[in-house]
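> Chain by chain, the residues:
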Amino acid sequence: NAGVTQTPKFQVLKTGQSMTLQCAQDMNHNSMYWYRQDPGMGLRLIYYSASEGTTDKGEVPNGYNVSRLNKREFSLRLESAAPSQTSVYFCASSAKTGGTEAFFGQGTRLTVV
Amino acid sequence: SQKIEQNSEALNIQEGKTATLTCNYTNYSPAYLQWYRQDPGRGPVFLLLIRENEKEKRKERLKVTFDTTLKQSLFHITASQPADSATYLCALRNSGNTPLVFGKGTRLSVIA
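Protein chains in written order, with my numbering: chain A, 1091 to 1203; chain B, 37 to 148.
Just so you know, the hints here were simulated from the structure itself, not pulled from any lab data. Keep in mind that this is a model prediction, so the values were computed, not measured. Just to be clear, a hint being listed does not mean it is correct.
[Unchecked claim] Straight-line distance between alpha carbons at most 30 Å, and here's what the computed DSSO-like set of lysine-lysine pairs gives:
1. K107(B) to K95(B)
2. K107(B) to K1147(A)
3. K39(B) to K1186(A)
4. K53(B) to K95(B)
5. K53(B) to K1147(A)
6. K1186(A) to K1161(A)
7. K140(B) to K1104(A)
8. K1147(A) to K1161(A)
9. K1186(A) to K99(B)
10. K93(B) to K140(B)
11. K1186(A) to K93(B)
12. K95(B) to K1186(A)
13. K1147(A) to K95(B)
14. K53(B) to K99(B)
15. K39(B) to K99(B)
16. K53(B) to K1099(A)
17. K93(B) to K53(B)
18. K1147(A) to K39(B)
19. K1186(A) to K140(B)
20. K1186(A) to K53(B)
21. K107(B) to K93(B)
[To be verified] Here are some chain B residues pointing at chain A (derived, C-beta under 10 Å):
22. Q42
23. Y68
24. Q74
25. G141
All C-beta atoms in this analysis are idealised placements derived from N, C-alpha and C, irrespective of residue type, glycine included.
Throw the hints in and build the complete structure from the sequences for me.
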């Protein structure tokens, strides 16, 4: 009963390094999301994918790219990490965009030094 | 501009009392409003969804109301327990196929 699985759980990057956060869901959901959560800012949407083959920007997309690899997997890439991208990143999925409950992964705590 | 505001950052109540959390929104016309619970170091977990044509929804000790005139949702936990201590997030989407937008959350502490 895995639900939404994110890897890695923790990561430290140096400024300018790149990395990809992986997310997979096993609930056959159409929609997937990447949020970041910062103290005092709440959850903010970075990118989402309403269905396989589509991606759209959210509130804070700058500095990120995404790939909806297939229905199960949605990855988030930081091409050149900056200290401002230090955050906790959550992947989520739902049967359809917005109108049904969202299931979240356990989060990735990323520190950029 | 669009805003979702949860009444306070933190709320402390005594065990056994009813906790009431508020979610106000501005410049949204939500078709749905949802409440989530988040424990430290974990992702949010869905609790309840209420539709724009519903006034109230209950689940065990939880009750949610939705007033589209006041642009407000209230989330109640009756007979609160220390295990209810967590951050509670409200989330909504406008009509149409748009993703959820979250409030900043209220951190509830239930004191024994």
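> Each hint should be assessed against the structure and marked as holding or not.
Here's how the hints hold up against the structure:
| no. | hint | in the structure |
| --- | --- | --- |
| 1 | K107(B) to K95(B) | 22 Å, holds |
| 2 | K107(B) to K1147(A) | 27 Å, holds |
| 3 | K39(B) to K1186(A) | 23 Å, holds |
| 4 | K53(B) to K95(B) | 17 Å, holds |
| 5 | K53(B) to K1147(A) | 42 Å, violated |
| 6 | K1186(A) to K1161(A) | 12 Å, holds |
| 7 | K140(B) to K1104(A) | 29 Å, holds |
| 8 | K1147(A) to K1161(A) | 18 Å, holds |
| 9 | K1186(A) to K99(B) | 25 Å, holds |
| 10 | K93(B) to K140(B) | 22 Å, holds |
| 11 | K1186(A) to K93(B) | 22 Å, holds |
| 12 | K95(B) to K1186(A) | 23 Å, holds |
| 13 | K1147(A) to K95(B) | 34 Å, violated |
| 14 | K53(B) to K99(B) | 14 Å, holds |
| 15 | K39(B) to K99(B) | 23 Å, holds |
| 16 | K53(B) to K1099(A) | 37 Å, violated |
| 17 | K93(B) to K53(B) | 20 Å, holds |
| 18 | K1147(A) to K39(B) | 19 Å, holds |
| 19 | K1186(A) to K140(B) | 23 Å, holds |
| 20 | K1186(A) to K53(B) | 37 Å, violated |
| 21 | K107(B) to K93(B) | 16 Å, holds |
| 22 | Q42 | 9 Å, holds |
| 23 | Y68 | 6 Å, holds |
| 24 | Q74 | 9 Å, holds |
| 25 | G141 | 6 Å, holds |
Going through the hint list in order, the structure does not satisfy hints 5, 13, 16, 20.
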